[in-house]
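Chain order of the listed sequences is A and B. Here the working numbering is used: the first residue of the first sequence is 64, the next is one more, and so on. Here the working numbering is used: the first residue of the second sequence is 97, the next is one more, and so on.
Everything labelled a hint here was simulated from the structure, so no lab data went into it. What you are looking at is a predicted structure, and each value in this text was computed from that prediction instead of being measured. A virtual CB, placed ideally from N, CA and C, is assigned to each residue, including glycine. Keep in mind that a hint or two might mislead.
Far from chain A by the CB rule (all over 12 angstroms, computed), these chain B residues [as the list claims (entries may be wrong)]:
{"no.": "1", "residue": "Ser132"}
{"no.": "2", "residue": "Thr150"}
{"no.": "3", "residue": "Gly152"}
{"no.": "4", "residue": "Asp157"}
{"no.": "5", "residue": "His187"}
{"no.": "6", "residue": "Arg206"}
{"no.": "7", "residue": "Lys218"}
{"no.": "8", "residue": "Ala223"}
{"no.": "9", "residue": "Gly235"}
{"no.": "10", "residue": "Ala246"}
{"no.": "11", "residue": "Ala248"}
{"no.": "12", "residue": "Asp257"}
{"no.": "13", "residue": "Asn273"}
{"no.": "14", "residue": "Gly293"}
{"no.": "15", "residue": "Glu306"}
Using 27 angstroms as the maximum straight-line C-alpha spacing, the simulated BS3-like pairs for lysine-lysine come out as follows [to be verified]:
{"no.": "16", "chain 1": "A", "residue 1": "Lys278", "chain 2": "B", "residue 2": "Lys225"}
{"no.": "17", "chain 1": "A", "residue 1": "Lys277", "chain 2": "A", "residue 2": "Lys181"}
{"no.": "18", "chain 1": "A", "residue 1": "Lys199", "chain 2": "B", "residue 2": "Lys174"}
{"no.": "19", "chain 1": "A", "residue 1": "Lys181", "chain 2": "B", "residue 2": "Lys207"}
{"no.": "20", "chain 1": "A", "residue 1": "Lys273", "chain 2": "B", "residue 2": "Lys219"}
{"no.": "21", "chain 1": "B", "residue 1": "Lys227", "chain 2": "A", "residue 2": "Lys280"}
{"no.": "22", "chain 1": "B", "residue 1": "Lys202", "chain 2": "A", "residue 2": "Lys181"}
{"no.": "23", "chain 1": "A", "residue 1": "Lys199", "chain 2": "B", "residue 2": "Lys153"}
{"no.": "24", "chain 1": "A", "residue 1": "Lys181", "chain 2": "B", "residue 2": "Lys225"}
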Amino acid sequence: MILLDFERIWPSVPYILEGVQVTLAYTSVSLFFGFLWGTVLALFKVGHISSLRWLSSFYTSLFRGTPLLLQLTVIYFATPQLTGYMISIWEAGIITFTLNSGAYVSEHIRAGINSVDKGQKEAALSLGIPYHLIMKDIVLPQALRTILPSLVNEAIDLVKESSLISVIGGADILRRANIVSSETYLYFEPLLIAGFLYYILVMILTFAAKILEKKLKTI
Amino acid sequence: MIRLENIHKFFGAHEVLKGITGEIPQGEVLAIIGPSGSGKSTLLRSINLLEVPTEGKVFIDGECINEGRVNIENVRTKMGMVFQQFNLFPHMTTLENVIYAPMKVKKIPRKKAEVLGKAMLKKVGLADKHKTYPPHLSGGQKQRAAIARALAMEPEAMLFDEPTSALDPEMVKEVLNVIKGLAHTGMTMVIVTHEMGFAREVADRVWFLEDGILVEDSPSKAFFKAPTSPRAREFLEKVL
């Protein structure tokens with residue numbers, strides 16, 4: 064009995080491999096915007112304006128308190144219904160992942176900002192440095208260094224969570240594996256390849272993060 | 097140059113400063129001494145509003161800085177501050193630490209700021225350390241770099257908050273020497289310190305604080321010879 068039949072899958076492997084690009088595109092673009100958005104939210108959270116503080120906390124609780132799949136489907140299906148705009152899969156994916164990871168990232172950054180010794184801010188204040196520069200040049204760089212490992216975790220999560228895009232038809236790694244399954248009636252092999260690809264991506268990220276961390280430590 | 101009028105400070109229900117009034121004229125070196133918990137550091141930090149007094153007024157060059165619309169950043173550039181824990185920016189080289197504020201606050205071009213910064217580092221004996229990151233400096237070097245950083249803003253006054261308390265004994269002297277050198281340039285200075293010998297040598301005047309009250313305000317010579325208040329006498333007997 065043949066347990067695994069990779070012979071019949073072989074011609075479809077390049078097709079699944081192309082999904083790596085798609086997965087990476089979703090991940091990197093959402094990570095970039097999610098980081099910017101998360102920084103803004105974090106600055107609201109540590110800032111002096113109470114309405115913004117409240118708003119960003121509520122926002123975070125909303126996006127952490129509901130399933131990502133629900134958020135994705137709401138944005139994809141409700142946008143046309145509410146606004147008449149036919150949102151593309153790509154747009155829905157990027158928007159959802161950005162909004163969602165922004166919520167998580169903002170919590171990491173807030174914790175990072177709070178971990179910076181308050182003497183740093185006092186020294187900067189005593190030099191007459193304005194608040195926005197203290198944040199940008201003195202507090203945030205130190206905060207980011209501290210939370211780098213959690214940011215990498217966020218990136219790893221996003222690589223895997225981006226597979227939800229397959230539910231609304233995004234042609235990422237998982238979606239392509241599923242298509243191959245339904246064409247060949249083989250289920251295990253395509254999924255095994257997909258799993259392997261995700262694993263490799265995550266390992267590369269982990270490795271890169273370790274090097275980066277070491278580099279930052281030597282300074 | 098600096099005048100305090102009836103300064104009160106509460107932390108919650110605890111009153112740390114109980115109505116301090118005093119004046120520090122231009123060019124004077126003032127040592128603030130007293131037992132720990134007496135409010136010395138809080139008083140010093142009130143001068144540049146790192147602590148905002150609950151009540152009372154702080155005047156710098158005749159202008160009240162804790163009332164109405166005062167550009168506090170502007171006022172702070174006139175007063176350099178040196179902290180017990182140095183508070184150097186660890187992600188910047190020593191030179192970057194020194195030139196950051198001149199460049200960003202005073203808008204001095206980088207080239208000019210670097211010349212100024214290197215001169216300041218030379219002044220405190222760290223000419224060879226400008227590319228070093230603070231974690232690689234010794235405690236004494238860190239504090240001297242912090243002094244250079246404050247001086248680079250060319251302040252009218254310097255505030256020292258227990259500048260040698262976090263240092264290993266063998267490094268105290270190098271920092272005190274730098275501060276002494278500064279005192280001789282006619283800089284207005286306020287120094288919170290536990291180093292009595294140093295206070296005696298360098299200060300023109302002494303404020304003795306206890307329990308949030310300015311118990312004694314005397315010329316340094318007179319104070320160390322014969323303090324007028326029994327509390328100060330008791331304190332000196334214990335520490336000398």
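TODO: Provide an ascending list of the numbers of those earlier hints which the structure does not satisfy.
DONE: 5, 10, 11, 12, 19, 20, 23
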